[in-house]
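There are 2 protein chains.
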Amino acid sequence: MRNVSIIGLGCTKFGEHWDKSFRELIAEAGIEAILSSGIEGKDIQALYGGSMASGRFIGQEHIGALIADQLGLNPIPATRVENACASGGTALRCGYMAIKSGEYDIVAVGGIEKMTDVGTQQAAIALGGAGDQETELFHGASFPALYALMARRHMHEFGTTEEQMASVSVKNHKNAMLNPKAQFHREISVEDVMRSGYIASPLKLLDCSPITDGAAAVILCESDKAREICEKPVEIIASEQASDSLALIGRKSLVETMAAKVAAKKAFEKAKLKPKDINFAEVHDCFSIAEILAIEAIGFCGKGEGGKFTEQGKTAFDGEIPVNVSGGLKGKGHPVGATGVAQAVEACLQLRGEADKRQVKDAKIGLAHNVGGSGATCTLHLFKALEGRK
Amino acid sequence: MRNVSIIGLGCTKFGEHWDKSFRELIAEAGIEAILSSGIEGKDIQALYGGSMASGRFIGQEHIGALIADQLGLNPIPATRVENACASGGTALRCGYMAIKSGEYDIVAVGGIEKMTDVGTQQAAIALGGAGDQETELFHGASFPALYALMARRHMHEFGTTEEQMASVSVKNHKNAMLNPKAQFHREISVEDVMRSGYIASPLKLLDCSPITDGAAAVILCESDKAREICEKPVEIIASEQASDSLALIGRKSLVETMAAKVAAKKAFEKAKLKPKDINFAEVHDCFSIAEILAIEAIGFCGKGEGGKFTEQGKTAFDGEIPVNVSGGLKGKGHPVGATGVAQAVEACLQLRGEADKRQVKDAKIGLAHNVGGSGATCTLHLFKALEGRK
Numbered sequence: 001m002r003n004v005s006i007i008g009l010g011c012t013k014f015g016e017h018w019d020k021s022f023r024e025l026i027a028e029a030g031i032e033a034i035l036s037s038g039i040e041g042k043d044i045q046a047l048y049g050g051s052m053a054s055g056r057f058i059g060q061e062h063i064g065a066l067i068a069d070q071l072g073l074n075p076i077p078a079t080r081v082e083n084a085c086a087s088g089g090t091a092l093r094c095g096y097m098a099i100k101s102g103e104y105d106i107v108a109v110g111g112i113e114k115m116t117d118v119g120t121q122q123a124a125i126a127l128g129g130a131g132d133q134e135t136e137l138f139h140g141a142s143f144p145a146l147y148a149l150m151a152r153r154h155m156h157e158f159g160t161t162e163e164q165m166a167s168v169s170v171k172n173h174k175n176a177m178l179n180p181k182a183q184f185h186r187e188i189s190v191e192d193v194m195r196s197g198y199i200a201s202p203l204k205l206l207d208c209s210p211i212t213d214g215a216a217a218v219i220l221c222e223s224d225k226a227r228e229i230c231e232k233p234v235e236i237i238a239s240e241q242a243s244d245s246l247a248l249i250g251r252k253s254l255v256e257t258m259a260a261k262v263a264a265k266k267a268f269e270k271a272k273l274k275p276k277d278i279n280f281a282e283v284h285d286c287f288s289i290a291e292i293l294a295i296e297a298i299g300f301c302g303k304g305e306g307g308k309f310t311e312q313g314k315t316a317f318d319g320e321i322p323v324n325v326s327g328g329l330k331g332k333g334h335p336v337g338a339t340g341v342a343q344a345v346e347a348c349l350q351l352r353g354e355a356d357k358r359q360v361k362d363a364k365i366g367l368a369h370n371v372g373g374s375g376a377t378c379t380l381h382l383f384k385a386l387e388g389r390k
Numbered sequence: 001m002r003n004v005s006i007i008g009l010g011c012t013k014f015g016e017h018w019d020k021s022f023r024e025l026i027a028e029a030g031i032e033a034i035l036s037s038g039i040e041g042k043d044i045q046a047l048y049g050g051s052m053a054s055g056r057f058i059g060q061e062h063i064g065a066l067i068a069d070q071l072g073l074n075p076i077p078a079t080r081v082e083n084a085c086a087s088g089g090t091a092l093r094c095g096y097m098a099i100k101s102g103e104y105d106i107v108a109v110g111g112i113e114k115m116t117d118v119g120t121q122q123a124a125i126a127l128g129g130a131g132d133q134e135t136e137l138f139h140g141a142s143f144p145a146l147y148a149l150m151a152r153r154h155m156h157e158f159g160t161t162e163e164q165m166a167s168v169s170v171k172n173h174k175n176a177m178l179n180p181k182a183q184f185h186r187e188i189s190v191e192d193v194m195r196s197g198y199i200a201s202p203l204k205l206l207d208c209s210p211i212t213d214g215a216a217a218v219i220l221c222e223s224d225k226a227r228e229i230c231e232k233p234v235e236i237i238a239s240e241q242a243s244d245s246l247a248l249i250g251r252k253s254l255v256e257t258m259a260a261k262v263a264a265k266k267a268f269e270k271a272k273l274k275p276k277d278i279n280f281a282e283v284h285d286c287f288s289i290a291e292i293l294a295i296e297a298i299g300f301c302g303k304g305e306g307g308k309f310t311e312q313g314k315t316a317f318d319g320e321i322p323v324n325v326s327g328g329l330k331g332k333g334h335p336v337g338a339t340g341v342a343q344a345v346e347a348c349l350q351l352r353g354e355a356d357k358r359q360v361k362d363a364k365i366g367l368a369h370n371v372g373g374s375g376a377t378c379t380l381h382l383f384k385a386l387e388g389r390k
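Protein chains in written order, with the numbering used here: chain A, 1 to 390; chain B, 1 to 390.
Just chain A, with the same shape it has in the complex:
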């Protein structure tokens, strides 16, 4: 049985990069990952790049080959993976399986999105392609509207309040203050969220993650080899993925994200762990309600309890289970294809004790939960630090 560890990390600052292109962003993250890994570019045997809508954001498909080219890695196999906002998590899983297969020992995984080269309306339409174009976007249901339906139903079934949802954004903005790579360095209050104006009721502007440019990269290595060449390898102790109906209309429930539940269940079984064994989690808070759905699906709290659980501070930096210490998608930013890889980068920083001011104490096991669309794809990874070379 071959196991897989992360030995190198790279991540650009997340934000509006008017002065940097898609290529420059992925090169920056990729080179940082290679330089931090103890290997050289020529040691990399394959590459997986996650990007959701490069065709519609920058007119460029075929970005696997572009990344290999940009990093001087030709002629290694290079593959773009796309699962909407879970493109990064899926690329990580493809890299993981490529090493598991025995075909490769060292694989680079990147995630990237350059979203600000188009106008907001065009971006909304491009992002709408993550849902069901025929039954949702075509009829005007862009992503805030889809998550608003879930939020409204959660309020109806469980009494979740707008203030509880707001507390997700407040926490994540607060956490982002300690992350130099985060898009936003501005604390917000529940009142700020409440008066920030409806985008799709009950979701307001500050319930929504932003449009972001950014890239992240990790270098994966077979674990035995990783222990030899790296001081602090971080093993992927579970990598799972599941799917659900693309459109909300196909779901059995609007308040349970089944793909996340299935992926989490399999991951915990694989790693022989339970939710209470997790020391911190990076979850997919594209909207405040999404974090509430995530912590319920993973099992940090019971069904319907996510709003209260958050409001009570249990997912805060110093809470029972710190969620999105990085700032999450809301505070750190959400360059869609990069997000899943950036979550892995944060998990490694925490497990290696390199998270500086936002270091979670005694972080042994980390979790990353990355969602595509309104929940049709979910990847779930568990991470644990290994003893590497001295």
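These are computed hints drawn from the structure, not numbers from a lab. It is possible that part of the hints are untrue.
Said to hold, decoys possible - Here are the computed lysine to any residue pairs in the SDA-like style, where the Cα-Cα straight-line distance is at most 25 Å:
hint, chain 1, residue 1, chain 2, residue 2
1, B, K20, A, P210
2, A, K20, B, T135
3, A, K276, A, K384
Fit chain B to the supplied structure of chain A, relying on the hints for placement.
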């Protein structure tokens, strides 16, 4: 060591499907593949779907989840793979590695493109995203122009003639006459090609593959298990992939496709075979010059000899090495994301002796060569029939 075989096949007719949507096409191919495989849908453990530009052709990303949904396969992991026109071959390789990894025993692989829902100009721009948007498409160099540069250089260096290139199209249209699923059922002559009007000199209309709608699917299975459940499993005896610079400007040569050379060399080493051991090949003839470059890169003939080799009939149905017996991209059609999977379907039909009027005699080993862009990605697969259950 786990090996991987194909146990089920499906392919729609290739052509202009005004009456069928993306979903209907992939459902048709997928269901045919499942029904022909001896398994049921519930036995499928993961899915990889290749599509190049679904975002720009039909406004839909996240098509992995869409396909799983459409085929009723939720909640299995479903992943879209995109490597331009090599998306299908890359999806096949991802499925192959997923089984090799030990994570799954049975995996579905699909390829699809619905190209006729947009106008020709928009299609040309979408397809241009397979090359380098910044140094090529932005300046007006769409795909016929890029391949025209390669064709012109091949003519200059080796004396290749326009008539020799035309002979590729003539052969492939002739072969397509015997393939009921081909887009074109019309024989053409060298004279027809020569007077068909320049698209980008020296390439004329009939040197170019068409805009096509279509889908193809295969069911992969671990080989030991495949032998138990399938009468005629076809083993993937080599799966290789390589990359080259995205833009032509980055290449050392315009007349050698390095990614194809690297992938072919590795595949032959892996399978301990030589080009002369191959009984038939499906190669990526998106333009007539592309087939000439392909047969040179694979090693069916020497460098610069591809034009003469074709003109002499050596790649004809009854020639030394039959190339594109299916009709190839030129005759069968080229729904870009589907092509690599459709090549695998053709290889299986030939190796199982089910290719009807176009059956290659004593077909033991087949080859599929799938190219992304102007050559920045190449996948190369070798196939061999196994003895299955009686």
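Results of checking the hints against the structure:
| no. | hint | verdict |
| --- | --- | --- |
| 1 | B:K20 to A:P210 | 37 Å, violated |
| 2 | A:K20 to B:T135 | 17 Å, holds |
| 3 | A:K276 to A:K384 | 15 Å, holds |
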